[in-house]
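Numbering (the working numbering) for the sequence shown: 36 to 563.
Since the hints were made in silico from the structure, they are not lab data. For clarity, every value in this text was computed on a predicted model and none was experimentally measured. One or more hints might be untrue.
Distance ranges between label pairs, derived from CB positions [unchecked claim]:
hint : residue 1 : residue 2 : range
1    : P159      : V63       : 45 to 53 Å
2    : G343      : V142      : 45 to 53 Å
3    : V346      : N214      : 27 to 35 Å
4    : S471      : V267      : 38 to 46 Å
5    : V178      : E266      : 52 to 60 Å
6    : G294      : M120      : 51 to 59 Å
7    : E266      : K423      : 22 to 30 Å
8    : T67       : D104      : 22 to 30 Å
9    : V267      : E490      : 43 to 51 Å
10   : R562      : E401      : 39 to 47 Å
11   : G65       : K428      : 52 to 60 Å
Where a beta carbon is used, it is the ideal one built from N, C-alpha and C, also for glycine.
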Amino acid sequence: MKRAFVMVALAAFVWGFAVAAAREDVPVRGDTLVIGTVSPMVLNPILSTDVPSAVIHGTIFSGLIRVNDRMRFEPDLAESWEVEMLDDGRMVITFHLRRDVVWHDGVPFTAEDVLFTYETIMDPHTMTIRRGDYEKVESWEVVDPYTFRVTFLEPFAPAFQYLAMGIIPKHLLEGEDVNIAPFNHAPIGTGPFVFREWISDVHVIVDRNEDYFGQVPYLDSIIWRIIPDSEVLLLELEAGAIDFAGIRPIHYQRMLEVGHINVLRFPGLRFTYFGWNERLPKFDDDRVRKALTLALDRETMAEHVYKGLAVPATGPFPPVSWAINPNVAPLPYDPEEAKRLLAEAGWRDTNGDGWLDRDGVTFEFEFLGLAGDPVAMMVIELAMEQYKAIGVKLNPLFLEWGDFVSRLDPPRRAFQAFFLGFTVGIDPDVHVFYHSGQAEWGFNDTNFVDAIVDELIEAGRRTMDREDRKAIYWELHERLNELQAVSFMFFPESLVGVERRFRGVVPTAIGLLWNIEYWWVPEALQRY
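I would like the entire structure built from these sequences, with the hints used as guidance.
Right under this line is the structure:
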């Protein structure tokens, strides 16, 4: 009898354990994800230029299409589409829109919203860097409330990358000055989360959209806490005050010891670079830019600053890109060749003070870095020493994120040089970065201009066959590296810390939040 009781009790225990384990495998609703970030600039997808803003408004807005974990485009607001090549050389994409989508205020979404979004981008009054993405569009057309057609002047290979743009509501913004609309800080979208509040320098909060047309999120809310100092961010992550944050390489080993944090390491689409304002005569010379790269010991920097979690960059195409040219090698560390090139460009130490000069002007410049970022501080400190060794004076100025971006963004462009990273798209089109037509309002902050680069970029856009495009981008890669359009610095690995209670986290080159609606926390582990 005693043995029978024990067996029944044991069976009950095993059954209970199995049920508990099963429950941990079945997604449930509840809990809040707290993310540490620097301050966003604006939450309107057609105006934003910075990653923090894009990450946040990416949970609020939807595009016609979206990118999945296989780096492919899949339906979002559009449920299907057709691509047609016309006999006269034009390309037409017809999108069939979902009929079950409503804006967060309950108003139905239609093709009129799509048309309004793209017409607003193309309006010269709109202060956006994105117009160049659509310069090959001949027309936008609302065929009916749920059919939208785009006609391109010619074949346009990167079309889908730019048609993933978040769509904004016509009924709220028509007749408004979109540049200064209150909407930009209190947005209404169609995405999986609904905006709740933005308190400047404190937080941004979004809540689950119960009427979302896709998978309704399991999480109740996401809170982005504004923490500009990376050391404070790290301490908050260690203490459990935040659940998610990017990790600097110098903190990687330390975070591996934190038991409640899952440290994710994966390849990304980011490269870092030194940008030179080529509107200034000293930087409008490829010999000078090449010298400024040759003077940097990037291999040592990669080991010292990135702890081996980065490699010297050769151009804007990251290692995961199909467009990267494997035959392009990083420029070597060669300070003697750097000095020779600078002398050839007229920069010599004529007065014996240890600094190069030309026409009586010392070679020095203000160099912007991000305050609170130890990677930026360490890289710039090493660069300052290595430039001093060749007679070039770097004067660092560290700014908070908002001030930093405002110095670079159009129309201001108030900088001489800077250190920054950029995350590219899954298509290798770099028109917005390096085409001369993008120097005024695009991401070509540095005003880099080269006719051959322009020609190659345009050829890459109108070539539809991937192998033919690859040949073009290999040549473009060589040209950008040869001219040092910028000083290409590093391809860093992506490092992120996520609290272990979260399930459904799938790292990809496009980041972690691409499937945020599927993140969940077992009920027993929920905190909020």
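Hint by hint, which ones does this structure get wrong, listed from lowest number up? Hint 3 contradicted; others consistent.
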